[in-house]
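Student: Starting from the structure of chain A, add chain B with the ligands where the hints point.
Chains as they are written, first to last, in our numbering: chain A, 1 to 567; chain B, 1 to 163.
Don't read these hints as lab results, they were simulated from the structure.
These numbers were taken from a predicted model, which means no experiment stands behind them.
Straight-line distance between alpha carbons at most 30 Å, and here's what the computed DSS-like set of lysine-lysine pairs gives:
1) A:410 <-> A:364
2) A:293 <-> B:62
3) A:67 <-> B:62
4) A:143 <-> B:62
5) A:190 <-> B:66
6) A:315 <-> B:62
7) B:66 <-> A:67
8) B:62 <-> A:312
9) B:66 <-> A:143
Covered stretches of chain B (chain A as the covering partner; in silico rule of three or more C-beta atoms under 8 Å from a C-beta of chain A):
10) 11-19
11) 53-63
Ideal Cβ placement from N, Cα and C applies to all residues, glycine included.
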Amino acid sequence: MEFLSGGEIFVRCLQEEGVDIVFGYPGGAVLHIYDALFQQEQVKHILVRHEQGATHMADGYARATGKVGVVLVTSGPGATNAVTGIATANMDSIPMVVFTGQVPTHMIGNDAFQEVDNVGITRPCVKHNFLIKDVRDIAATIKKAFYIASTGRPGPVLVDIPKDITDPKIKIPFEYPKDVVLRSYNPVLKGDDGQIKKAVDLILSAKRPMLYTGGGVVLGGASEQLTRFTRMLNYPITNTLMGLGGFPASDRQFVGMLGMHGTYEANMGMHHCDVLIAIGSRFDDRVTGNLAKFCPTAKIVHVDIDPASISKNVKVDVPIVGQVGDVLNSMMQIMEHEGRKPDAAAIDAWWSQIEEWRGLECMKYGWSDETIKPQYVVQKLWEVTGGDAYITTDVGQHQMWAAQYYPFDKPNRWINSGGLGTMGFGLPAALGVKAAFPDAEVACVTGDGSIQMNIQELSTALQYHLPVKVISLNNRYLGMVRQWQEFFYAGRYAMSYMEALPDFVKLAEAYGHVGMLIDKPADVEGALREAFKLKDRLVFMDFRTEPTENVYPMVPAGAGLNEMILV
Amino acid sequence: MRHIISLLMENEAGALSRVAGLFSARGYNIESLTVAPTNDATLSRMTIVTRGDEQIIEQIIKQLNKLIDVVQVQDIQDAPHIERELLLIKLQATGEQRDEVFRLAEIFRGQILDVTDASYVVQITGPGARLDAFIEAVGNIPVIEMARTGALGLSRGSCGMSI
Ligand SMILES: Cc1cc2nc3c(=O)[nH]c(=O)nc-3n(C[C@H](O)[C@H](O)[C@H](O)COP(=O)(O)OP(=O)(O)OC[C@H]3O[C@@H](n4cnc5c(N)ncnc54)[C@H](O)[C@@H]3O)c2cc1C
Ligand SMILES: Cc1ncc(C[n+]2csc(CCOP(=O)(O)OP(=O)(O)O)c2C)c(N)n1
Ligand SMILES: [Mg+2]
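Same shape as in the complex, but just chain A:
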């Protein structure tokens, strides 16, 4: 048997888990661990410029690969800087393991240098967390952390490691546990057969059905099953912001995103449907609008792996707890075996109604020869990248335009912070994706406000050669805030105007990258083509867009989904 120190055990555990990259930042409490990392090659480390960047990189990595993202930061400020990224991952159910350093065990609770109660601070925004107090518990705890993060409804797990238990002088026998036994944690995988039968009956009885699918399809790797299921039924399907790419957007059956900035046809379809089939989606308030007016005539089926997501906001008629993919397989089996089909005549009639709504072309936008329309930049980005890039975004109007005008045909390509809405997410997330897939095209669609929240990661991009494309839709406004102020505060633009913006081209150059300023509509496509030709350079594209453009359609707060503001 081998004898290893806590630091060495830590590294071996990561190797055993198949971790290829750790995103982190060193400090006193994790020096033993860094020393052990330094003495091996298998697990690479990316040194970020701010711990929030590390968490978003690991998060982007996880969303693109489906694997667990791994973060390593020091105690105190290292850990508190990571909290926003942990909460971001938690809201979107992203598998992540975050290791934080802690002061030595005998000093815990004494207000020691750089001491913060990491387990306490993060408790409300993790799936679970641990404080390891004995070197003999490191291996088993790390095993549990990866298991919990990646199974059931995924989420971030934090492991707090006091400095003394990684002491290189203390060596103990090492063996990595083969499996995990957790009597208190048994995620349900297979849906209940009786419930599945009931659901099939209800689904096939529908005259005006809607499929409303979300992030659970992407997280559960079930887009192939969802696609077959949807085509088998010939029902209209809408995706949440988090579910985009779960069903091919170019398919005729796709009616676009729903919710606050969803399409007219998706939201009207929701409002008038008689059977709503919710799959891996959680009835978020940005989706439902006013609950009292939500889907007034629908019976609801809901498939979700987390029982707590079911009937939380909206009472459902047929709940099914289980893995999306398995449940869809079972439903398709029943339909195939029993040769049962939907009501074709009713569905045809429903489709003509939907096509009428679609005919409104709610996503049309005006054209100008003078100023660049942000929607146009996104459409051209889609063309230039063949619709096949990984797109990360920050938060604001640009995020919504990216969601609306870059249709995804594949899952895991659309990477944004939906639940927490974290400005500053986009650039580091893009770097995390690029680190996972160095040959893929990766673009970050961002805004002039958001990009400044983690712009320091441009330096990380240079050091580790992560040539992503930054597509900044620079409207000189905190545009989403400005839009709300225009609509709901009589145009009193309190603190939403960005004065004294930096020269982004020079800034990009100062960080060792290529900067481009584009301010004419006619130059948009050419500039994009030029930038994407620079395969091995990070290009920061500063698009000066129409400052007061708004995101449409919009369901105002308190309204029903059928009460959209159209252009």
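Tutor: Frame of chain A; chain B with the ligands shown alone:
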């Protein structure tokens, strides 16, 4: 509606704060919460008295089950059950009040645990409502201090929560 929720959880540091934190973060009401180890030293049993409509109670139970340290959750309100709570109350008792306290303690089948020439400590056990009734009955007799354990509950019959 008032519910008594019992749960078994891993007897680990921090487990209590996960439950307490869940209630405060999600705005659920806690009337009382008690916790202590069980015959199985690796498990603690917690009893929570809460209030909420059906949908809230359903969410509370789901959210408790979702906590990784929680092994089992039961709403014992659903079935026949026993509820007990213990009250220790120190009453000022001089003159006529001394007989009055003594008599009340007897009526409520309480015990007198401590006596001085100016006070009594009385112990009452029973369902929460019975303790409330005693406090009510004490009326004008000044209460120097009191402590209640919060409710405990077990289901009736031969089945129970264990692993
Ligand atoms: C500025 C802004 C505007 C927004 N506007 C909109 C909008 O217009 N429309 C919109 O839709 N959203 C919008 N959002 C996002 C919104 O806040 C929510 O994040 C989003 O709607 C939630 O998506 P979801 O329901 O797919 O759930 P997710 O957060 O993706 O949750 C996934 C669900 O699936 C379940 N699940 C996970 N894995 C599995 C599995 N393997 N099997 C089964 N179930 C599983 C989980 O338990 C969970 O219930 C906006 C966000 C921002 C920041
Ligand atoms: C960290 C953080 N702070 C504040 C907000 C609130 N917020 C949401 S959108 C937005 C404006 C974003 O501006 P910008 O990045 O320029 O994007 P735009 O809306 O102009 O496209 C703000 C301030 C947030 N989501 N995240
Ligand atoms: Mg802006």
